[in-house]
Amino acid sequence: MTAEETAGRPSAALRTEALEQLLVERGLIDPAVVDRLITTYETNIGPLNGAKVVAKAWTDPAYRERLLADGTTATKELGFGGPQGEHIVVVENSAKEHNVVVCTLCSCYPWPLLGLPPSWYKDPAYRARVVREPRTVLSEMGLDLDADVRITVRDSSSEVRWLVLPERPAGTESLSEDELVELVTRDAMVGVAKVAAP
Amino acid sequence: MEGIADLGGTEGWGPVHPTRRDEPVFPERWNARAFALGALAWRAAGANLDAFRHGLERQDRDAYLGEGYWGRWLNAGELVLLDSALLAPGAVDARARRLAGDPAEEPPIPEPHKPGYAPTAEGSLRVLDVPPALAAGDHVRTKTMAPPGHTRLAKYVRGHVGVVEAVQPASVLPDTNAHFVAENPQYVYTVRFASRELWGADSEPFDVTVDLFESYLEKIA
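Protein sequence lines, in the order shown, are assigned to chains X and Y. Residues 213 to 410, numbered by my numbering, are exactly what the first sequence covers, in order. Residues 4 to 224, numbered by my numbering, are exactly what the second sequence covers, in order.
To be clear, the hints were calculated from the coordinates, so they are not data collected in a lab. Hints may contain errors.
[Stated by the list, open to error] Example chain X residues on the side facing chain Y (calculated, C-beta under 7 angstroms, incomplete): (1) A224; (2) L226; (3) E232; (4) G239; (5) E298; (6) H299; (7) V303; (8) L328; (9) A340; (10) R344; (11) E345; (12) P346; (13) V349; (14) I363.
Ideal Cβ placement from N, Cα and C applies to all residues, glycine included.
Please model the complete structure; the sequences and the hints are all you need to start from.
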């Protein structure tokens, strides 16, 4: 497609409807499968899965060890696996080590644990800049890290899918695993935020 | 290939967008349909995930950026269907114009020519009967190749020196798999680069790890 051809095209909304009609008419796709796929990612697969993994790792030291040693197997233990989760690697954030995840080439993301990526993760500004000036980008996103914190940016350029195990916030010692799940955010599991105490 | 999709380190994008905890998975209804159609299109076309990603990166700047992430997916789905001649060029636009009330003429359905692609296993991970050529701690230099087709060797790490942090499982090589030449599975290495190696002495101090296929790397002493 040349730029002129792109500019003159009907809207994406209309083209989507057109594409679906053409494929359904020829029996190449089943509209029920389309609906099912949408429902799955709208309602069943999202950051709550990852939050359960994190809360378990915070409360069960043996699980945390298994999770950091073999993320794929440990997350499967809780029932999470599937497309874009063939090989999960979990890295731990601490007071001195901070990991943040990106995919500079497209928007690869651990779907089984976090669902489909949010808009900022897919945005060119985030993809381009976080591998060049992560401290500045994180600060713009509201996370100011001390100068002595070592930042590692994880660029998901193959099928390795990265998940950040955030630091457990101070003052949450008395909370149950279920209560901790509520605190864990998607942003903290990508590494652009920390988990706040309630 | 050199294209708009290879964004790492490029300039001129402005500030990052703020995050929202309550952002809907699909902000607009067509986004959801485009997601599902994109995911189903490459299977209908007889292609694979790497070919779909090549469809994402073959778009010109306007097509890639104009309608956001889900617009990109829609375009990539259409491209792999055009490659397999399951759609004729112009078919989607003609139907879309008809939906808008314009009696556009639709091109005839072409004779399909899907790729003769049969994966040797589910997904992209494969088990190799040879050991990895590299080990954690090895110093490596990324190749400076700029292949004309698909590659997962991002431009910003080409020709740079890093250290292997971890050996990951072998996976089909996107460069050949996207074009249905061969699966060519290889070990993947998580390679750690210092920011000053990539961006110069004035850059913020940090590291980047990039997951790189064995054929992208040369061991150095």
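Practice item. Please flag the earlier hints that this structure goes against, numbers listed from lowest up. Key: Checked against the structure, the hints that fail are numbers 4 and 7, while the rest are satisfied.
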